[in-house]
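Position chain B against the provided structure of chain S, taking the given hints into account.
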Amino acid sequence: MSRFKDLQKNLFGGTTSNARQFGMIATLVGIVLIFQIWTNGLTLRSDNLIALFNQNSYILILAIGMLMVIVAGHIDLSVGSVAAFTGILVAKSMAEWDLPWPAAIVFGLVIGAAIGAWQGFWVAYIGVPAFIVTLAGMLLFRGGNQYIGNANTIPVPEGFRKIGSGFLPEVGPSTGYNNLTLLLGLAACLAVIWRELQSRKTRREMDADPAPMWISILRMAVMVGVIVFASLRFASGRVGTSFPISGIILVALVLAYSFYTRNTAGGRHIYAVGGNSRAAELSGVKLKRVNFFVMMNMSILAALAGMIFVARSAASGPQDGNGWELDAIAAVFIGGAAVSGGIGTISGSIVGGLVMAVLNNGLQLQGVGTDKVQIIKGLVLLLAVALDVYNKRQGRFSIIGSLTRGLRRDTPSGAPPSSSDAGREPARTTVSG
Amino acid sequence: MRNFLAKTVAIGAIATLALTGCGSGRDGDSDSGSAGSAKGFAADSLIGVALPSKTSENWVLAGDLFTNGLKEAGFKSDVQYAGASTTVADQQAQITAMVTKGAKVIVIGATDAAQLSTQVAAAHAAGAKVIAYDRLITGTPDLDYYVAFDNFKVGQLQGQALLDGMKAKKPNGPYNIELFSGSPDDNNAGVFFNGAMSVLKPEIDKGNVVVASKQTDVKQTAIQGWKAEGAQARMDQLLTSTYGGNKALDGVLSPNDTLARAIITSIKGAGKPIPVVTGQDSEVESVKSIMAGEQYMTINKDTRNLVKQTIAMIQALQKGDKPEINDTKSYNNGSKVVDTYLLPPVAVTKANAAEAYANDPKLGPLTK
Numbered sequence: 001m002s003r004f005k006d007l008q009k010n011l012f013g014g015t016t017s018n019a020r021q022f023g024m025i026a027t028l029v030g031i032v033l034i035f036q037i038w039t040n041g042l043t044l045r046s047d048n049l050i051a052l053f054n055q056n057s058y059i060l061i062l063a064i065g066m067l068m069v070i071v072a073g074h075i076d077l078s079v080g081s082v083a084a085f086t087g088i089l090v091a092k093s094m095a096e097w098d099l100p101w102p103a104a105i106v107f108g109l110v111i112g113a114a115i116g117a118w119q120g121f122w123v124a125y126i127g128v129p130a131f132i133v134t135l136a137g138m139l140l141f142r143g144g145n146q147y148i149g150n151a152n153t154i155p156v157p158e159g160f161r162k163i164g165s166g167f168l169p170e171v172g173p174s175t176g177y178n179n180l181t182l183l184l185g186l187a188a189c190l191a192v193i194w195r196e197l198q199s200r201k202t203r204r205e206m207d208a209d210p211a212p213m214w215i216s217i218l219r220m221a222v223m224v225g226v227i228v229f230a231s232l233r234f235a236s237g238r239v240g241t242s243f244p245i246s247g248i249i250l251v252a253l254v255l256a257y258s259f260y261t262r263n264t265a266g267g268r269h270i271y272a273v274g275g276n277s278r279a280a281e282l283s284g285v286k287l288k289r290v291n292f293f294v295m296m297n298m299s300i301l302a303a304l305a306g307m308i309f310v311a312r313s314a315a316s317g318p319q320d321g322n323g324w325e326l327d328a329i330a331a332v333f334i335g336g337a338a339v340s341g342g343i344g345t346i347s348g349s350i351v352g353g354l355v356m357a358v359l360n361n362g363l364q365l366q367g368v369g370t371d372k373v374q375i376i377k378g379l380v381l382l383l384a385v386a387l388d389v390y391n392k393r394q395g396r397f398s399i400i401g402s403l404t405r406g407l408r409r410d411t412p413s414g415a416p417p418s419s420s421d422a423g424r425e426p427a428r429t430t431v432s433g
Numbered sequence: 001m002r003n004f005l006a007k008t009v010a011i012g013a014i015a016t017l018a019l020t021g022c023g024s025g026r027d028g029d030s031d032s033g034s035a036g037s038a039k040g041f042a043a044d045s046l047i048g049v050a051l052p053s054k055t056s057e058n059w060v061l062a063g064d065l066f067t068n069g070l071k072e073a074g075f076k077s078d079v080q081y082a083g084a085s086t087t088v089a090d091q092q093a094q095i096t097a098m099v100t101k102g103a104k105v106i107v108i109g110a111t112d113a114a115q116l117s118t119q120v121a122a123a124h125a126a127g128a129k130v131i132a133y134d135r136l137i138t139g140t141p142d143l144d145y146y147v148a149f150d151n152f153k154v155g156q157l158q159g160q161a162l163l164d165g166m167k168a169k170k171p172n173g174p175y176n177i178e179l180f181s182g183s184p185d186d187n188n189a190g191v192f193f194n195g196a197m198s199v200l201k202p203e204i205d206k207g208n209v210v211v212a213s214k215q216t217d218v219k220q221t222a223i224q225g226w227k228a229e230g231a232q233a234r235m236d237q238l239l240t241s242t243y244g245g246n247k248a249l250d251g252v253l254s255p256n257d258t259l260a261r262a263i264i265t266s267i268k269g270a271g272k273p274i275p276v277v278t279g280q281d282s283e284v285e286s287v288k289s290i291m292a293g294e295q296y297m298t299i300n301k302d303t304r305n306l307v308k309q310t311i312a313m314i315q316a317l318q319k320g321d322k323p324e325i326n327d328t329k330s331y332n333n334g335s336k337v338v339d340t341y342l343l344p345p346v347a348v349t350k351a352n353a354a355e356a357y358a359n360d361p362k363l364g365p366l367t368k
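Line order of the protein sequences matches chains S and B. Numbered according to my numbering, the first sequence spans residues 1 to 433. Numbered according to my numbering, the second sequence spans residues 1 to 368.
Pulled out of the complex, with its shape left as it was, chain S reads as follows:
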């Protein structure tokens, strides 16, 4: 038992607060395996994995920004509208003003930054709750999308579509795989191994106990195994396909933002603000600047997500972005973020988003209608967060253990009612008071 705990702790680099994340990864693996069996192996087939990333990368990119917003104690309801607004402007800039597509992407990011600055200003410097500011933004930018686009669908040029539906080129000798995807996988393996060895070295230098050797090896083997399996799958799709470009953008963003939120002062300030904003401010955190940054950052990512969706759809349409905010928020909460702020990780949100994505994809492969899919997703969201809340109140991960503990606690409080009036007294006073 202690050995298993040791393993869990060391393998996933965590303490008790990571138990939930471990649970989510286990859930994701479980769901993937269930669907893999149920769909007769379609779920993990290379074309389906590629489609899964293509379909969900924009939601996962939103989830990165949303995590930071929620950790800081806010919410952003406007992301779908911001994405749609940016999408139509970018499509128009290419169709009517002949902007070359790389310039159009920059243009889109600038629009996102401008919108973010607008929303951040109201949240951070005027103090309007983010819920209200972004509810207003949702209406404002949805209206802006319809106004600018005349509710038309505007196609985008071939080059631009690459960021949403493009693949890595086929280069090098014919190996039966996409070579660049294999190289990416190899690089990821080397990075994992290097990081593991580096952390062992650091711990030794600091005279701390490095984890036992076998755990390091096991951890490396698991990660390398997953990466090798994934890169072989992604590399063996139809000729001309590979790990999708939108997926590469997503992975780069996840790595960058994970580093930022975990290892830099600016990132830690977000958690401090979400945990206790007064205390953070008194400790010297620039509250307004942090709030401004998270709101602005969210809109920039929303603009990027919008452009990726437009690129994938080959056109910007009036329905773009409908309901995206809800998908992104759901991913963050399923991934273990706290509703009150201060808790949550980027990787957790990505796992949460992937749980929803695999669920969606698997049910669609089974031909389950969207009505039922929505019901199931709603229940999954509710149960995931309920489990989180319940565990937090019990302070322990084991459900059975906490159940019995709850019973034991009930008995002493239930024992006194020999004088039943005395038991009811406090209740009455609270009602009248």
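No lab work stands behind these hints: they were computed from the structure. Even glycine gets a Cβ: it sits at the ideal position worked out from N, Cα and C. Treat the hints loosely; a few may be bogus.
The calculated lysine-lysine pairs, modelled on DSS-like cross-linking and capped at a C-alpha distance of 25 angstroms, are [what the hints assert, rightly or not]:
#: 1; chain 1: B; residue 1: Lys336; chain 2: S; residue 2: Lys92
#: 2; chain 1: B; residue 1: Lys288; chain 2: B; residue 2: Lys167
#: 3; chain 1: B; residue 1: Lys214; chain 2: B; residue 2: Lys170
#: 4; chain 1: S; residue 1: Lys377; chain 2: B; residue 2: Lys54
#: 5; chain 1: B; residue 1: Lys272; chain 2: B; residue 2: Lys227
#: 6; chain 1: B; residue 1: Lys76; chain 2: S; residue 2: Lys372
#: 7; chain 1: B; residue 1: Lys153; chain 2: B; residue 2: Lys227
#: 8; chain 1: S; residue 1: Lys377; chain 2: B; residue 2: Lys101
#: 9; chain 1: B; residue 1: Lys169; chain 2: B; residue 2: Lys368
#: 10; chain 1: B; residue 1: Lys214; chain 2: B; residue 2: Lys272
#: 11; chain 1: B; residue 1: Lys350; chain 2: B; residue 2: Lys167
#: 12; chain 1: B; residue 1: Lys71; chain 2: S; residue 2: Lys372
#: 13; chain 1: B; residue 1: Lys214; chain 2: B; residue 2: Lys227
#: 14; chain 1: B; residue 1: Lys214; chain 2: B; residue 2: Lys169
#: 15; chain 1: B; residue 1: Lys101; chain 2: S; residue 2: Lys372
#: 16; chain 1: B; residue 1: Lys54; chain 2: B; residue 2: Lys362
#: 17; chain 1: B; residue 1: Lys362; chain 2: B; residue 2: Lys288
#: 18; chain 1: B; residue 1: Lys170; chain 2: B; residue 2: Lys247
#: 19; chain 1: B; residue 1: Lys101; chain 2: B; residue 2: Lys319
#: 20; chain 1: B; residue 1: Lys272; chain 2: B; residue 2: Lys247
#: 21; chain 1: B; residue 1: Lys201; chain 2: B; residue 2: Lys214
#: 22; chain 1: B; residue 1: Lys169; chain 2: B; residue 2: Lys201
#: 23; chain 1: B; residue 1: Lys219; chain 2: S; residue 2: Lys92
#: 24; chain 1: B; residue 1: Lys54; chain 2: S; residue 2: Lys372
#: 25; chain 1: B; residue 1: Lys288; chain 2: B; residue 2: Lys368
#: 26; chain 1: S; residue 1: Lys162; chain 2: B; residue 2: Lys336
#: 27; chain 1: B; residue 1: Lys71; chain 2: B; residue 2: Lys322
Selected chain S positions facing chain B (Cβ under 10 angstroms, derived; list incomplete) [unchecked claim]:
#: 28; residue: Thr43
#: 29; residue: Gln55
#: 30; residue: Ile59
#: 31; residue: Gln146
#: 32; residue: Ala311
#: 33; residue: Arg312
#: 34; residue: Ala315
#: 35; residue: Pro318
#: 36; residue: Gln319
#: 37; residue: Leu365
#: 38; residue: Val368
#: 39; residue: Gly369
#: 40; residue: Thr370
Relative to the frame of chain S, chain B by itself:
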């Protein structure tokens, strides 16, 4: 020493996994589709049908007809509707899932005509045939067939019925009319409108018919999402701005029944006499309205026939034959001229309703 051990194990792990993984190269699924489609495909293959969200009776009926019809024809079917709010993304994911499952033919009733080209290309690359059902998919060279009612004809019939209806009420012009058109993201909306205008425009130029509000541009007349409340609001505004006092409104060109009823509601609310209002789709409420003498006409595009024709095309493809088409010129989707089968629509007024719906179990009894 320890480092060395770790490295060896790690490299060993990569090597083993890489070698075991090599068995499943990309050769397997790359050529299965294209080779098979030239000579038809198995008679019990999977056929995917992706329809828009369940916002009109027609799509629900079409889904049921496809499920039953494909089953009767011996195919396995996967009939999917897009969700209510995230329509485009849902449909994209559904089509991709159908491709993954190895569907041989994918029938698509598009939610947004221009946002599916990536998925249609993927289906084509996997060897599936793609049929656009009722709504043309634009901007893709990979669309194989299009099957629909002749929508330009629908517009012409609406325009003609509007003129006939007004003439029957009031022998001589000029007549005051207002124009409505459908959702701008639906490729058909413009076709209906242009068809109707091809009949109305000569009369407007002659001065015999007057659009009193002067709103004749399709951008002004469009109702986003075919939403009834949008049409009602626009009609309310037109009545206030243009038809104050005793100015008569003789006719309204409405692209479909839902909008027609909303327009009539608005006019009734303003206390004006109901003008000649056109429609389309033969919805139950509108057929009742026609029999009650309120809405003037609708178009009967029998979904049964359209689904029957689509399944006939799928059966031809299954045998490896070329499906029957009757139009190779009119439907350019921006990338190619799509081979099309057009079914003729029928205009229905109170006069011929009983005859037109004689075979319809739901609408027939209403006309008696």
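Hints and how they fare:
no.	hint	in the structure
1	B:Lys336 x S:Lys92	holds, 23 angstroms
2	B:Lys288 x B:Lys167	holds, 23 angstroms
3	B:Lys214 x B:Lys170	holds, 22 angstroms
4	S:Lys377 x B:Lys54	holds, 19 angstroms
5	B:Lys272 x B:Lys227	holds, 23 angstroms
6	B:Lys76 x S:Lys372	holds, 21 angstroms
7	B:Lys153 x B:Lys227	holds, 23 angstroms
8	S:Lys377 x B:Lys101	holds, 22 angstroms
9	B:Lys169 x B:Lys368	holds, 24 angstroms
10	B:Lys214 x B:Lys272	holds, 20 angstroms
11	B:Lys350 x B:Lys167	holds, 16 angstroms
12	B:Lys71 x S:Lys372	holds, 22 angstroms
13	B:Lys214 x B:Lys227	holds, 22 angstroms
14	B:Lys214 x B:Lys169	holds, 23 angstroms
15	B:Lys101 x S:Lys372	holds, 20 angstroms
16	B:Lys54 x B:Lys362	holds, 19 angstroms
17	B:Lys362 x B:Lys288	holds, 12 angstroms
18	B:Lys170 x B:Lys247	holds, 15 angstroms
19	B:Lys101 x B:Lys319	holds, 21 angstroms
20	B:Lys272 x B:Lys247	holds, 10 angstroms
21	B:Lys201 x B:Lys214	holds, 13 angstroms
22	B:Lys169 x B:Lys201	holds, 21 angstroms
23	B:Lys219 x S:Lys92	holds, 17 angstroms
24	B:Lys54 x S:Lys372	holds, 14 angstroms
25	B:Lys288 x B:Lys368	holds, 11 angstroms
26	S:Lys162 x B:Lys336	holds, 22 angstroms
27	B:Lys71 x B:Lys322	holds, 22 angstroms
28	Thr43	holds, 9 angstroms
29	Gln55	holds, 5 angstroms
30	Ile59	holds, 9 angstroms
31	Gln146	holds, 7 angstroms
32	Ala311	holds, 9 angstroms
33	Arg312	holds, 6 angstroms
34	Ala315	holds, 4 angstroms
35	Pro318	holds, 6 angstroms
36	Gln319	holds, 5 angstroms
37	Leu365	holds, 5 angstroms
38	Val368	holds, 9 angstroms
39	Gly369	holds, 6 angstroms
40	Thr370	holds, 4 angstroms
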